[in-house]
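Asks: Once you have looked at the hints, place chain B on chain A.
Residue numbers (the working numbering), protein chains in the order written: chain A, 1 to 99; chain B, 1001 to 1494.
In short, the hints are calculated from the structure, not lab data. Just so you know, nobody snuck in bad clues.
Quick list of simulated restraints, FRET-style, between CB atoms:
hint	chain 1	residue 1	chain 2	residue 2	range
1	B	1053	A	98	44 to 54 Å
2	B	1287	A	74	57 to 67 Å
3	B	1259	A	59	33 to 43 Å
Result set (DMTMM-like, lysine to aspartate or glutamate): computed pairs, CA atoms no more than 20 Å apart in a straight line:
hint	chain 1	residue 1	chain 2	residue 2
4	A	25	B	1421
5	A	96	B	1341
6	A	20	B	1344
7	B	1241	B	1103
8	A	20	B	1345
9	B	1241	A	65
10	B	1384	A	39
11	B	1308	A	39
12	A	20	B	1339
13	B	1308	A	43
14	B	1265	B	1466
15	B	1050	B	1103
16	B	1265	B	1392
17	A	25	B	1357
Computed from a predicted structure; not experimentally measured. Glycine included, every Cβ here is placed at the ideal spot set by N, Cα and C.
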Amino acid sequence: MALDEGTVARVAHLARIRVKDERLKPLAGELDTIVNWVEQLGEVDTNNVAPMTSVVEMQAHWRQDAVSDGGYSDRVTGNAPDGVADPEGAFYGVPKVVE
Amino acid sequence: MSDLLDLSLAEASDKLRSREISATELTEAYIAAMAETVDLNCYITETPEKAREMAAASDARLAKGEGGAMEGIPIGMKDLFCTEGTLTTAASHILDGFVPPYESTVSGNLWDAGAVLLGKTNLDEFAMGSANITSYYGAVRNPWTRQSEPDTELVPGGSSGGSAGAVAARAALAATGTDTGGSIRQPASLTGLVGMKPTYGRCSRWGIVAFASSLDQAGPLTRTVRDSAIMLGVMAGHDPKDSTSVDTPVPDYGAALTGDIRGLKVGIPREYRIDGMPEEIEALWAQGVDWLKQAGAEIVDISLPHTKYALPAYYIVAPAEASSNLARYDGVRYGLRIDGETLDEMYANTRGEGFGDEVQRRVMIGTYVLSAGYYDAYYLQAQKVRTRISEDFRNAWDSCDVLLTPATPSAAFGVHEKFNDPIQMYLNDVFTVTGNLAGLPGISVPAGLDKDGLPLGLQILGRAFDEETVLKTAAVLEEASGFSALPALRAGRG
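Next up, chain A with everything else stripped away, as it sits in the complex (with noise of 0.2 Å):
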């Protein structure tokens, strides 16, 4: 299956990242090599395996439901761009998102 520009168009909107026109054609045929080199992956016969979940045969561990770390807004926002600690708190500043 040919991966085309307007599916590399479709995908980088779905991944959030704008490409440029001009990149369309050579980024649909870098992925498309890509992808058809990974279809082999056809050939395995795969009746009846299970799809690998964990790596390492472990068991999860147990834990308290309870707080073990924060209380320090002011540190976790210090790194934004956009960031704003004011007397009700710290948040992080995007565009208008509500009309």
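Replies: Same frame as chain A, now just chain B:
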């Protein structure tokens, strides 16, 4: 000064404890070495002031007869480990200015054991690459050069290329790496170092910038197997903050290096003899077999029938997990933000600008194979193939204890060679990636030089959580090979 730089981690530890040398002296030698080798671009951020403070604190502890297993040892930290108060970039534009308010568990373990931070080492962007040429902060140059053309800049391998370059160039005594498809073992092989990827779950992944969470493991890059054993012992251990970290005791890895492998069964997987493999690598592999045989091991031919499907399976699983992990870089909470009219536009602008070409490719491949209608055909099938690959190894362990394979299909290559085709680049990891898919421990040991004087490594793979046998076998290989060559572009030559 070059004498100080030539000490192994184990030797330096002994001299620090006997107060023959001080941590400050050793650290100053390495700070000077970083400056001397700055053109190799091994570090993204150097932290000499922090190093001096940490060394002074180590000296104070050593003077009282205290100190941990890495006391006073100056190391490089791959810039994928979050370090509290020190810039952490993952070699990506998108993490511009990110200063973590917390410390990764593995780096914290190293500081608790007394290690000294020299700086944050360069890597492929988000650890995606096998040549350290995708870093936003520029490529790393391998300190090794070809005898026939010494001016050609060679790659150190990747993704832990800055760590490997720094340790090989004597700009760090040891360094941390992470290995998702071979990112510790492959650069170790290309720079003449020992690189160890432990079993999945042995080291905590908490605070390491995530690439592919079911494959990522941290491990050491060192100059000797003994150094690897010491450093791994410090890095490993259960961490309640990482639900995939395993709660089993960490053995004394140094004690495993007995030199005695009599009766050990070493498997030679026939599928690792790939088309177009250089004769030198084939010959080195045969030499490795001889060395282990002479040391009393029994050689067993084995088969891992699904080997050829490991790389394609990896290039579905790893990008799929990456596309999910990298969703967090959206310009809201940290790093780069490129404004847009709407929130969606801001996300897309930030990610379009902030991610490099290779990262964009992989995020898009991951998004595609996970998207509606394709999930079963690609992702689910890849996870089933992964089960098959794991079964291959389980069957192999019925007849052998470890495997011996080449570490890489070639020696270090030029910065501008192998560029055109992403799949050619992916093939660098053909011998290492199976270990990640099956979660097994693996180590690359320098074993010889090619005709151009470049190092080549051999790999030992072992059973899950049997790092001890892997290290023991590696130490026997190291002893037999007597590898002592040094790279041309190292610090302290004059």
